[in-house]
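Protein chains in written order, with this note's numbering: chain S, 67 to 420; chain E, 67 to 420; chain D, 67 to 420.
Check before you lean on any hint, since a few could be wrong.
Note: identical chains are not told apart, hence a pair may lie in one copy or across any two.
Under the rule of at most 20 Å between Cα atoms (straight-line distance), these lysine to aspartate or glutamate pairs were calculated in the EDC-like manner [what the hints assert, rightly or not]:
| no. | residue 1 | residue 2 |
| --- | --- | --- |
| 1 | Lys-411 | Glu-164 |
| 2 | Lys-198 | Asp-289 |
| 3 | Lys-127 | Asp-378 |
| 4 | Lys-278 | Glu-164 |
| 5 | Lys-412 | Glu-99 |
For the record, the hints were derived by calculation from the structure and aren't laboratory data.
Predicted model, so just to flag it, every value in this text is computed and none were measured.
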Amino acid sequence: MTGPATDNAPAGGEGARSLTADAIARIVRGKLEGDGAAVVTGIAPLDRATEMDLSFLASGKYTDAAAASRAPVLLVAPDLMEAHSRARARIVVDRPQEALLALIPRLYDAPRPEGAGIHPTARIGRGARLGKDVSLAAYAVIGDGAVLGDGVIVEAGVVVGNGVRVGAGSVLWPAVVLYPRTTLGERVLVHAGARIGCDGFGYVPDQGGHRKIPHVGRCIIEDDVEIGANSTIDRGSIDDTVIGAGTKIDNLVHIAHNVRIGRLCVIMAQVGIAGSARIGDGVVIAGEGGLAGHLMIGDRARVGGQAGVFGDVPPGETWSGYPARPHRQSLRASAALLRLVDIIKKLERLVDRE
Amino acid sequence: MTGPATDNAPAGGEGARSLTADAIARIVRGKLEGDGAAVVTGIAPLDRATEMDLSFLASGKYTDAAAASRAPVLLVAPDLMEAHSRARARIVVDRPQEALLALIPRLYDAPRPEGAGIHPTARIGRGARLGKDVSLAAYAVIGDGAVLGDGVIVEAGVVVGNGVRVGAGSVLWPAVVLYPRTTLGERVLVHAGARIGCDGFGYVPDQGGHRKIPHVGRCIIEDDVEIGANSTIDRGSIDDTVIGAGTKIDNLVHIAHNVRIGRLCVIMAQVGIAGSARIGDGVVIAGEGGLAGHLMIGDRARVGGQAGVFGDVPPGETWSGYPARPHRQSLRASAALLRLVDIIKKLERLVDRE
Amino acid sequence: MTGPATDNAPAGGEGARSLTADAIARIVRGKLEGDGAAVVTGIAPLDRATEMDLSFLASGKYTDAAAASRAPVLLVAPDLMEAHSRARARIVVDRPQEALLALIPRLYDAPRPEGAGIHPTARIGRGARLGKDVSLAAYAVIGDGAVLGDGVIVEAGVVVGNGVRVGAGSVLWPAVVLYPRTTLGERVLVHAGARIGCDGFGYVPDQGGHRKIPHVGRCIIEDDVEIGANSTIDRGSIDDTVIGAGTKIDNLVHIAHNVRIGRLCVIMAQVGIAGSARIGDGVVIAGEGGLAGHLMIGDRARVGGQAGVFGDVPPGETWSGYPARPHRQSLRASAALLRLVDIIKKLERLVDRE
Numbered sequence: 067m068t069g070p071a072t073d074n075a076p077a078g079g080e081g082a083r084s085l086t087a088d089a090i091a092r093i094v095r096g097k098l099e100g101d102g103a104a105v106v107t108g109i110a111p112l113d114r115a116t117e118m119d120l121s122f123l124a125s126g127k128y129t130d131a132a133a134a135s136r137a138p139v140l141l142v143a144p145d146l147m148e149a150h151s152r153a154r155a156r157i158v159v160d161r162p163q164e165a166l167l168a169l170i171p172r173l174y175d176a177p178r179p180e181g182a183g184i185h186p187t188a189r190i191g192r193g194a195r196l197g198k199d200v201s202l203a204a205y206a207v208i209g210d211g212a213v214l215g216d217g218v219i220v221e222a223g224v225v226v227g228n229g230v231r232v233g234a235g236s237v238l239w240p241a242v243v244l245y246p247r248t249t250l251g252e253r254v255l256v257h258a259g260a261r262i263g264c265d266g267f268g269y270v271p272d273q274g275g276h277r278k279i280p281h282v283g284r285c286i287i288e289d290d291v292e293i294g295a296n297s298t299i300d301r302g303s304i305d306d307t308v309i310g311a312g313t314k315i316d317n318l319v320h321i322a323h324n325v326r327i328g329r330l331c332v333i334m335a336q337v338g339i340a341g342s343a344r345i346g347d348g349v350v351i352a353g354e355g356g357l358a359g360h361l362m363i364g365d366r367a368r369v370g371g372q373a374g375v376f377g378d379v380p381p382g383e384t385w386s387g388y389p390a391r392p393h394r395q396s397l398r399a400s401a402a403l404l405r406l407v408d409i410i411k412k413l414e415r416l417v418d419r420e
Numbered sequence: 067m068t069g070p071a072t073d074n075a076p077a078g079g080e081g082a083r084s085l086t087a088d089a090i091a092r093i094v095r096g097k098l099e100g101d102g103a104a105v106v107t108g109i110a111p112l113d114r115a116t117e118m119d120l121s122f123l124a125s126g127k128y129t130d131a132a133a134a135s136r137a138p139v140l141l142v143a144p145d146l147m148e149a150h151s152r153a154r155a156r157i158v159v160d161r162p163q164e165a166l167l168a169l170i171p172r173l174y175d176a177p178r179p180e181g182a183g184i185h186p187t188a189r190i191g192r193g194a195r196l197g198k199d200v201s202l203a204a205y206a207v208i209g210d211g212a213v214l215g216d217g218v219i220v221e222a223g224v225v226v227g228n229g230v231r232v233g234a235g236s237v238l239w240p241a242v243v244l245y246p247r248t249t250l251g252e253r254v255l256v257h258a259g260a261r262i263g264c265d266g267f268g269y270v271p272d273q274g275g276h277r278k279i280p281h282v283g284r285c286i287i288e289d290d291v292e293i294g295a296n297s298t299i300d301r302g303s304i305d306d307t308v309i310g311a312g313t314k315i316d317n318l319v320h321i322a323h324n325v326r327i328g329r330l331c332v333i334m335a336q337v338g339i340a341g342s343a344r345i346g347d348g349v350v351i352a353g354e355g356g357l358a359g360h361l362m363i364g365d366r367a368r369v370g371g372q373a374g375v376f377g378d379v380p381p382g383e384t385w386s387g388y389p390a391r392p393h394r395q396s397l398r399a400s401a402a403l404l405r406l407v408d409i410i411k412k413l414e415r416l417v418d419r420e
Numbered sequence: 067m068t069g070p071a072t073d074n075a076p077a078g079g080e081g082a083r084s085l086t087a088d089a090i091a092r093i094v095r096g097k098l099e100g101d102g103a104a105v106v107t108g109i110a111p112l113d114r115a116t117e118m119d120l121s122f123l124a125s126g127k128y129t130d131a132a133a134a135s136r137a138p139v140l141l142v143a144p145d146l147m148e149a150h151s152r153a154r155a156r157i158v159v160d161r162p163q164e165a166l167l168a169l170i171p172r173l174y175d176a177p178r179p180e181g182a183g184i185h186p187t188a189r190i191g192r193g194a195r196l197g198k199d200v201s202l203a204a205y206a207v208i209g210d211g212a213v214l215g216d217g218v219i220v221e222a223g224v225v226v227g228n229g230v231r232v233g234a235g236s237v238l239w240p241a242v243v244l245y246p247r248t249t250l251g252e253r254v255l256v257h258a259g260a261r262i263g264c265d266g267f268g269y270v271p272d273q274g275g276h277r278k279i280p281h282v283g284r285c286i287i288e289d290d291v292e293i294g295a296n297s298t299i300d301r302g303s304i305d306d307t308v309i310g311a312g313t314k315i316d317n318l319v320h321i322a323h324n325v326r327i328g329r330l331c332v333i334m335a336q337v338g339i340a341g342s343a344r345i346g347d348g349v350v351i352a353g354e355g356g357l358a359g360h361l362m363i364g365d366r367a368r369v370g371g372q373a374g375v376f377g378d379v380p381p382g383e384t385w386s387g388y389p390a391r392p393h394r395q396s397l398r399a400s401a402a403l404l405r406l407v408d409i410i411k412k413l414e415r416l417v418d419r420e
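Next comes chain S alone, as it looks inside the complex:
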C-alpha cells in the first residue's frame, strides 16, 4: 500500500500535481479552445468540481450541469462543443471519459500495493520458490512448494496453500486465500478476501446422509484475470475449473466446480455460476445473475442483471428475466403482463360467458 497521507490529502491521495489546459490537450490529442494556461490539480464531476478541477461533458443530459460548473477546464465531446459553460478552456475530444484515463495518473497516485521486500513476519514453506522482486507483507503465509513469479506482490495476511503457482506480476491483496495447488497466471489481480480453489460442493447420498465427493481437479486462473473482493472460485472435482485470460470478475461472485469461463468475459458482482457450466469468450453477465449447472453460454452473449438462466444461451444473444429468455421477449412479456392487469377481470367475464 502506497504513500503516507497528510491531514489535508485531497481525494485520490496527496501528491496531486497540476496540469495546464495546454498540456491536457497535448496528452489527450484534443482541440484546445480558450486559455491554454488555465491550471487544474484534480478531476471531478461537473457538479462537484472546484475552480482547480478538470471536468468533462460527455452527454447532452449534463449540459445544465456544465453551464453551472465551476471547473476551469472541460473535456467536451464534439457534438456538445456548443454547450454553454464558464470554463476558461475547453478541449474537444472524441471520448472524454476515456481521455481521462490518460490524465488520472498525471494527477493522482492510485492506491496500490506497496511491494517492499520480504517482511520478517512472512512465513515461507519448505521448498517454496520466490522470483525476483517478490514482496511478502506482514503475516503472509506461503505454503510448501509454492512458486511465486517475478515481481509478485503478496499483501498482509494472505495465505498461499501448498503447491500453489502464481505467475509474474500478480498481486494478492490482503487476506486472500489460495487453496493448495491453485494456479494463477501472470498479472492476475486478486482482491481482498477472495478464496480460490475451494472444495467444490458435491455429495452423494450415503446411508441416509451426504458423503463428500473428494475434489482432485485443478483451479486454473489464466493471465490478466482480475478477481473481486470476497469472491469464491471452487476447484474441479475430476475435471478442472478454468477462468480464461483477460476475464474480469467483480466482488462476491461465486463460481462452482468444473466451470469453464472463456477469455475476456466480464462477470459482475454477486453473479453465481453453478457447476460444470461452460461460458464462451467475451461474455458479459450483469450483477446478481444466476446460471444453472451444465449449461452453455455462447461467445459474446450477454446476460442481464438478476437474470435466472436455466438453459443454453446462443452466441451473441442478450438474455434477461426469470426464467431468462431473449431480452426482447422478456421485455414483451413484462409489458404484456402489465397490460393484462387492466383487463384480466373483463377477460374472465368473457370466458365465463362462453
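Since chain S is already given, all that's left is putting chains E and D on it; use the hints.
Leaving out everything else, chains E and D in the frame of chain S:
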C-alpha cells in the same frame, strides 16, 4: 472479545444475573400484576422459556404459546393483558419487544470486542497515529500514516491500509480489510471480513481487451454506520463512494464505485447496488435486492426482497418485483398472472375464432 | 495443507498411483469386460481423457463422447453396456459416478489441511483447552476459554473467539472467524473466510435513528455440518441460531439470526435466509434462493434456484419462481405469460369491443 466461558455457560454467556418482577416493572416502566418477588435469570421465547426465564407476549398469534409457557414473568402488550398464562407475574408495557432492550444488558453480557491495549504482534506503520485507549489485537496490521481515533478497537488479523482514518469509538472485528485512504467516521462498526474501499469494477475497451480504470476517488463511511460480515464497498473512480451517517448494512452486501447512500438507511443481506446509484435518506432495501447503476432512490423509499430495480424510485414509495414496480402493481401483476393460467387456453380459442 | 508439489504435478496433485482394470472391477464390485491388465493413473471426463485415464459413461447423452474417447478403461452403467467405445476394458456398475468415489482416493491425494502440531506463532488465550493432536497453523488466534476437541485442525490466520467450542475432528480452513461463544459440533468443516456467530442485523427505532439490538443468543453448528467459503451465519438475538447435523452449506450463503435449519439439508451458493425462518430436515435450497423471515419450510421440501419465498412451503413440496409457488404452478405461469405475449393485442381489442 470478552470474558472466559465456563463449561455451563447459559445462552448469552455466563455472568447471567437475576431480576425480580418488581425490578423489571420499574426498569421498563410497566404495570406489574401478580407476584413482584418472582425471579428470572434469562430471557427466552414463550415456547422455550424455563421457570427461570422472562418471556413476552406481543402478538395475538402467540396466546396459545403464552398459555403453555413455563415463564414465571411475562411482558404483555396492553391489548393482550387478558390472555391466559401460568406466569406468577405479568408486566403490561406498550411495546414488549422494545422493553426487552433495556433488560438484556441487565441479564447478559453480549459478545463484544475486548479492547485490551496493543498486542505485541500488532504492526504499526510509519507515521501512523493512535488516539487514547486504542486496542490492537494479535496480528493486526496498521498502514503508514493511518490515524485511529480514541478508543478504536482493532481485532485480530485486521489490515488497515496506508492513510486510512478511523474515527473515535469505531470497532473493526477480525479480518476486516480497509483499502488505503478509506475514511471511517466515529462509532462505526465493521464486522468480520468486510472489505472497504476496494478498486471499483471499471474497464475501457483497449486493443480487444479490458483496460482497468484507475480508481482515485475516496470511500467515506460516516458516523454510526454498521457494516456486516464479508460485505464489500468499492471506492469511487473520480467521484467518491459515500455511506451516510447512521446507515446500517447487513452481511454480504455489495456497494459499487461512486454510490452515494444517505443517512439512516437499512440495507439488508446480499443486496447489490451498482455504480453511481444515488440512495436518499431513510431508504430500506430488503434482502437480495439489486439496483442498476446510475439510478435514484428517493428518501424513505422501500425496495422489496429480491426486487430488481432498473429505474428511479420516487421518495416514500414501496417497490417490489422483477423488474421492480410500485408494490401494489407488482402484487396485481402476480395475481393476474395466476388467474391467467386458468383461462389462457380459452382465451386462445376466443382469439382464434375472431 | 498437504504435500509439496513438483513441477510436473498432474491434476489432483502428485503422488498419482496406478490401477489395473482388474483392480478397479474388484474395488467397485463391477463386471469386467475386456483386458483386465489395462492400466490407468488418473480419472477424466470422456472428452478429456488420455490413454492413461479412467473415464465413465453414466448417461445416454454421452455415447458419442464415449465412442470418441481415448480412455482405456470405462465405467459403464448397465443400460449403456452396448454403447460403442475403443476402451480396452469396460466395467459395468450400477452408478458409475458413485463408484468413482471409491477410486479417487486410490489415485489422488485430495488437497486437505495438514495438521502438523502447534505453530510457534499461534496465539492461545488464557484458559483455552486443546484436545489431543490439535493443529494450529501460523498466526491462528485462539480466544480465552476456547475449547478445541481432539484432532481439530485450525489453519493459518483463523480467529477463534473467546469461549468458542469446536468439537473433535473439525477443520477450520484459513481466515475463518468464529465470533465469541460460537459452538461447533464434531467433524464440522468450515471453509476459508466463513464468519460464524456474527451480530444479527436488528435495530429498533430510537430518536429518529436505529438503536442496535444486543444479540445474546447462541450460534450452534451441529455435527458433520460443512460451511462454504465466505458464508456468514449470525447468532440469535435471544433465541439461538441452529444448523442441524449433517447439513451442507455452500459458499457465500447468508443465514440470519434465530434461523433454525434441520438435519441433512443442502443449501446452495448465495442463498439468503432471513431472520427466524424455520427449515425442516432434508430440505434442499438451490442457488441464490431467498427466504423471507419467520416462515416455515417443511421437511424434504425443495426450493428452486433464485426462488423468492415469501410464505410457508409444505413438507415434501417443490417450489420455485418469484414470488415462489409450487413448481408446476410456476412453470404453468411462465408458459401462460409467453402465450399471452402473442395474443395480448387481440385480447385488448376484444375487451374494447364489449
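Check the structure against each numbered hint from earlier and tell me which ones fail, lowest number first. The structure breaks hints 1 and 5; every other hint is satisfied.
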